[in-house]
Amino acid sequence: MSFYEKGAVRIHYEEAGSGYPLLLIAGGGLNSTISGLSGSYPPFDSFVEFKGEYRCIAADLRNANAGQSTGPLEIERPWDSHTDDHLALMDHLGIDKFMVLGFCIGGPLIWNLLRRAPDRIIAAVLAQPSGSRPEMRDLFYDNNMKGWAPELVKRRPEIAMETAEKFLTRMYRTNPDFVFTVTRDFVRQCQTPVLILPDDIPAHPYAVAMEAAMLAPNAEVSLFPWKEPKERIPLAVRQIRSFLRAHRPAAA
20 MSFYEKGAVR IHYEEAGSGY PLLLIAGGGL NSTISGLSGS YPPFDSFVEF KGEYRCIAAD
80 LRNANAGQST GPLEIERPWD SHTDDHLALM DHLGIDKFMV LGFCIGGPLI WNLLRRAPDR
140 IIAAVLAQPS GSRPEMRDLF YDNNMKGWAP ELVKRRPEIA METAEKFLTR MYRTNPDFVF
200 TVTRDFVRQC QTPVLILPDD IPAHPYAVAM EAAMLAPNAE VSLFPWKEPK ERIPLAVRQI
260 RSFLRAHRPA AA
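In terms of my numbering, the sequence shown opens at residue 20 and continues consecutively.
Some hints could be false.
[Unchecked claim] Once the Cα atoms are required to be at most 16 angstroms apart in a straight line, the calculated EDC-like pairs of lysine to aspartate or glutamate come out as:
(1) K165 x E154
(2) K249 x D64
(3) K25 x D103
(4) K185 x D157
(5) K173 x E184
(6) K185 x E95
(7) K165 x E184
(8) K70 x E34
[Stated by the list, open to error] Restraint-style ranges between C-beta atoms, simulated for each label pair:
(9) P137 x E93: 33 to 41 angstroms
(10) D204 x E250: 36 to 44 angstroms
(11) I220 x A27: 16 to 24 angstroms
(12) E93 x A136: 26 to 34 angstroms
(13) R96 x A265: 17 to 25 angstroms
(14) E154 x E24: 17 to 25 angstroms
Just so you know, the hints here were simulated from the structure itself, not pulled from any lab data. In this text, a Cβ means the ideal position worked out from N, Cα and C, and glycines have one as well.
Using the sequences provided together with the hints, build the complete structure.
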C-alpha cells in the first residue's frame, strides 16, 4: 500500500509488474478505486492481464467513497483536479511518458490527459467509455447526487452537500455534451493513437464512443459487442495487447 501527498491531496496507489509504464483507471464513476480493476465489476482484470509486460500503476480517485485517496473538492475544476492527481502521481514515480488504459469515467479522464499532457501519453485505450446522451443529460449528475455525494458528506463532515452539488454541477452540467472534458474539434486534431472499445448502456453510449473513434485521426475500434458472449473478452484483450505493443517505444 503506497501513498503520495501533495498539499492537501493524499493519493493511494498500487503498482504491479515491470516494463513500460501503463496507467490504469478503474470504472465506477467518482467511486473509481483500485479494487474496481478486478473482481466482478470489470470485464477483465487489468493487473493480471498486463503486469507481465508493463509497469501497471493505478490509484483510487480522489474522494472515492470506498477508496483511500482524499483531497478538496475543487468546484471550478472537477475534471482537472483528477487529472492533476494522475499527472502528479506519475511525476512522483519519476515517469515522464506512459500509456493509459481506462474504463467508464476513465474515458473522459483520458481525453483530459491527452488535452493536458499530449506529449506524455504515448497511446490510450478507452474501454466502455462514459459519454453524454442528449436524451439523458443529467444521468451522471443524478446518479452521483444519489450514490456518491450523500456518502461523501457523511464521511467528510467538513464537506457540505451544497459544495458537492456545485462540484457535480460543474462536472456534469456546465458542459454536458459529448465526452465532457474535450470538444469534438480537439478529438479531430488529436494525434495520439487511441483504441476504443464501445459499450451500449445509458452511462456508456455506443454513439458517443463511435463518434470519437470516427473523429480521432489515429483511432482504432474493437469488435462490438466485445463483452457478450463472454468468450469474446479474450479476443478484446488480445487486441488491446497488440495495440499497446504496436505503440510501445522500441527502446522499451
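Quiz prompt | Outcome for the supplied range 17 to 25 angstroms, where the beta carbon pair is E154 and E24 | solution = Check failed, 42 angstroms falls outside 17 to 25 angstroms.
Quiz item: Would you say the C-beta atoms of D204 and E250 sit inside 36 to 44 angstroms of each other?
Solution: holds (39 angstroms)
Self-check item: Consistency of beta-carbon spacing, E93 to P137, with hint 33 to 41 angstroms
Solution: violated (22 angstroms)
Quiz prompt | Straight-line alpha-carbon gap K185 to E95, limit 16 angstroms | solution = holds (9 angstroms)
Exercise. With a cut-off of 16 angstroms on the C-alpha distance, tell me whether K165 and E154 pass.
Key: violated (20 angstroms)
Quiz item: Has the given pair, K25 with D103, been kept, meaning a C-alpha gap of at most 16 angstroms?
Solution: holds (10 angstroms)
Practice problem: Please work out if K165 and E184 have their alpha carbons no farther apart than 16 angstroms. | Solution: With a Cα-Cα distance of about 11 angstroms, the restraint between K165 and E184 holds, given a limit of 16 angstroms.
Practice problem: Starting from the hint 16 to 24 angstroms, judge whether the C-beta atoms of I220 and A27 obey it. | Solution: violated (35 angstroms)
Quiz item: Is 17 to 25 angstroms a correct range for the gap between the Cβ atoms of R96 and A265?
Solution: violated (34 angstroms)
Quiz item: Are the Cα positions of K70 and E34 separated by 16 angstroms at most?
Solution: holds (9 angstroms)
Quiz prompt | Pair hint outcome, K249 versus D64 [Cα-Cα no greater than 16 angstroms] | solution = holds (14 angstroms)
Practice problem: With a cut-off of 16 angstroms on the C-alpha distance, tell me whether K173 and E184 pass. | Solution: holds (14 angstroms)
Figure legend: structure checked against the earlier numbered hints; hints not met, in rising order: 1, 9, 11, 12, 13 and 14.
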